[in-house]
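Enquirer: Listed below are the residues making up each chain.
Protein chains: 2
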Amino acid sequence: MSESRVVIAVDMMGGDHAPSAMLDGVAEALGRFGDAYGYLLAGPREEVARGLVERKVDPSDPRLELVEAPQSVGMDEHPVKAIREKPRSSIVVAMDMVKAGRAGGVFSAGNTGAAVGAAFLKWRMLEGLSRPGIATVLPGEKGPWVLMDSGATVDCTPMMLAHFAVMGDLYARQALGLSAPRVGLLSNGTEEGKGNRQVQEAYSLIQRIPGIHFLGNVEGHDLFRGKVDVVVCDGFVGNIVLKTSEQLSKSLSGMIRESVMQRFFWKMGALLCKGAFREVKRRTDASEVGGAPLLGVKGCCVIGHGNFQGHGVANGIRAVGELIRTRMNERIVEAVHQYALDSLN
Amino acid sequence: MSESRVVIAVDMMGGDHAPSAMLDGVAEALGRFGDAYGYLLAGPREEVARGLVERKVDPSDPRLELVEAPQSVGMDEHPVKAIREKPRSSIVVAMDMVKAGRAGGVFSAGNTGAAVGAAFLKWRMLEGLSRPGIATVLPGEKGPWVLMDSGATVDCTPMMLAHFAVMGDLYARQALGLSAPRVGLLSNGTEEGKGNRQVQEAYSLIQRIPGIHFLGNVEGHDLFRGKVDVVVCDGFVGNIVLKTSEQLSKSLSGMIRESVMQRFFWKMGALLCKGAFREVKRRTDASEVGGAPLLGVKGCCVIGHGNFQGHGVANGIRAVGELIRTRMNERIVEAVHQYALDSLN
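Sequence lines, in order, name chains A and B.
First residue of the first sequence? That's 10 in our numbering, and the numbers climb one at a time after it.
First residue of the second sequence? That's 10 in our numbering, and the numbers climb one at a time after it.
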């Protein structure tokens, strides 16, 4: 494989539609991104090769390398247990490729906990950081925003929240193209002094970080309406916010659909404006972003939504490439060092 | 005032549309509920009397009593500070009426923190409980469900979460008419062992409570789709879930509206099926429930949404009446005593 190419390891067996969505994604990526990337495909070699041929992709394409990984981690498996018991699973093998210096990063649409656990155990943390966070881009009335952490670290110290603020800020600059993202600390009210103990202490830490446009506390009402670009919270709260929002969108769509079916005229009207709904769906489609980076670890990893199809996977591959190209991890280490967060304590 | 009537103190100056929404609400309640309730109206006496006359209500109606409360607490005031500095505010005076035995409960659509703080300080906790929780009824695909605590107690011990499970269960029986509500503990995944430290410990406590249909952990994806009737969480998480959900509904409506306006046909279609949207809005309207009870304190208090108009206020008055009529507080004390939660530790 050429040395100049950015090489991305793909977890071929992770996700609800694996491996077909991953194969579709790799095929799309080969066409869309030309020579920009090389791909290490971690999965059962024969099955992957067969799938590539079915998609009219030559498995001996110089940009591709198939790496044998006969095991896979299911979406509902216990992450740490699975990593320990399945050292040859596609996600673990993909992480190993980065550790061995053969790839620059990993894309996985599989079990989030397994990806987080494997990255944390295999790669370890960047200097100055103690726990990773997932930065998820979510749609909003006035454009996308970043939720950080959306599920990697459940129990957070105030310092971890401060680190999430630094990493979320850098990621919003890169992914959303903002020059001074507005960073807010998620709390149960906007006034200073609101929040649980961790949030109250994190407030005073983040407040003292130079170079971050800190709004102070933000509350649930501030999300989705364009008041804040980076929302900082622990992975427990972030996971709940993310999943609740996903489900509420679905439930509301379901209730509207059900309601519309009650009368003939409503049904006709809904048919007429179907395109408008499709437009909103497109605007809020997670697969356009390509997944959420796991930040803080020594390596680049993007975690896609389990339900991604090929297009989402190709976008996820590009997202890993962008993290590598923009040297995100070096910038994180620089920022943490420069802000000397540890000395704030 | 007749002794047989259930007497409800109304915070006439709390809420975005006070006092006019409260005056409208009292006028509606007088008509709808006949002789069932008596009303202690806490507010500036002259202003309240004038408002009643404007609504063709006789201020000397035997069901009414006007109680002077010249001060009011604003929606954005610091709760504890406001309570201390404004002992003659309408919310504090309303709470005092219950403490003095002159009313059985309070309705307020004002500053939630002030209502919680005043109830906690003036009424104190029921025997066996240490912190109050707010039980908010939210709409879902398959009917309403209860979020407990939605914002009263930010830092919770596992035991407080267990108490919320007991109170949420009893409230769902009363308010939703369920014989065995399914109670879930909100976490970042459904497997046992998921959750932050408090949640993990609360799991093992709630699991051992007899008489509660405990589902174990529920996650964000389980809310709004009818999988669980009572969702237990601390007030920090609950407040964020509640406000995020409110805002996301608004933002999605806004995005649909904006999208629909882009093309003539879409606009026409939306006009045709407008009724279907109104139907969904009605199904998800908080004012039908009349507000959320503050449970755990020695007295009955229902907190309405700040934006309630008269109809919501009248429903809130009825909700207080129902708490009193069904002896909710006695049943909470009985349950906490019966389950001997303290001995579980």
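Careful, some of the hints might be misleading.
Remember, identical chains collapse to one label, so a pair may be satisfied in a single copy or spanning two.
With a straight-line cut-off of 27 Å between C-alpha atoms, the simulated DSSO-like cross-links for lysine-lysine are [as the list claims (entries may be wrong)]:
1) K108 x K90
2) K276 x K151
3) K259 x K236
4) K290 x K307
Derived from the structure by calculation, the hints contain no laboratory data.
Note that the structure is a prediction, hence the values are computed from the model and not measured.
Enquirer: Any hints from earlier that this structure breaks? Give me their numbers in increasing order, please.
Expert: Violated: hint 4 alone.
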